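S.K.: Throw the hints in and build the complete structure from the sequences for me.
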Amino acid sequence: MTRLDELIAFARSVKGFMPDDEGEALTRHALAAGTERPQGTWLEVGAWCGKSATYLGAAAEATRSVLYSLDHHHGSEENQAGWEHFDPSLVDPTDGRLNTLPTWQRTIADAKLEHCVVGLVGPSVTVAEHFAQPLDLLFIDGGHGHEVAWADYEHWTPKVTSGGYLLIHDVFPDPADGGRPPYEIFLAALDSGLFTETAAVGSLRVLRRA
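Taken in order, the sequence shown gives residues 1 to 210; the numbers are from the working numbering.
No wet-lab data here; the hints were simulated from the structure.
Some hints could be false.
With beta-carbon atoms standing in for the labels, derived distance ranges [unchecked claim]:
1. Pro-102 with Pro-123: 18 to 24 Å
2. Arg-97 with Met-1: 34 to 40 Å
3. Ala-200 with Gly-122: 26 to 32 Å
4. Pro-173 with Glu-147: 19 to 25 Å
5. Ala-199 with Arg-3: 20 to 26 Å
6. Val-121 with Pro-93: 27 to 33 Å
7. Ser-89 with Gln-39: 18 to 24 Å
Keep in mind it's a predicted model, so treat the numbers as computed, not measured.
Every residue, glycine too, gets a C-beta built ideally from N, C-alpha and C.
M.R.: Below, the structure written as structure tokens:
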């Protein structure tokens with residue numbers, strides 16, 4: 001088994017919400033991005049416990065790229081107590097808040113990806129306002145509320161380079177399947193004329209900037 005295969009197998013075992021086929025598509029398209037532009041700069045918005053960071057990190061390692069994995073690590077609205085995706089094992093007993101950072105750190109350490117996956121801890125908009133590096137790949141999978149999703153889109157997509165990749169997760173054309181904001185920002189990217197859809201796997205959409 002190759003190192004890439006080992007990392008994909010490990011990613012499948014990590015706590016998270018991404019189906020295997022969509023995670024493997026993340027790796028595949030990130031490999032394409034890194035093959036075209038080795039030593040690229042990538043960023044994901046929304047890290048949770050490190051599942052997608054491992055899928056992307058596998059490709060980052062293979063192409064000598066760096067993935068910045070951004071999250072405030074206190075969970076989105078749908079992760080809080082009383083909601084469908086609440087996980088009490090992730091609650092910090094000191095203050096009663098969700099805290100996925102220790103789990104994320106352990107995931108990346110166990111995957112031996114600390115050399116190419118760098119954690120950024122803080123609010124997405126605050127970090128974006130002070131992040132000047134152009135992005136060869138951007139993966140948006142943060143909070144799915146209207147204001148949060150649109151803020152991620154508006155603050156991060158302008159940093160994607162010409163020819164760069166934009167990947168958006170949980171895009172559901174049918175409202176019965178999931179929340180609207182990820183689908184809305186996907187449509188906004190298409191309507192902008194700057195991005196073209198190149199692939200779709202499950203709820204994952206892959207776009208490229210002109």
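S.K.: Hints the structure violates: just list their numbers, smallest first.
M.R.: The structure breaks hints 6 and 7; every other hint is satisfied.
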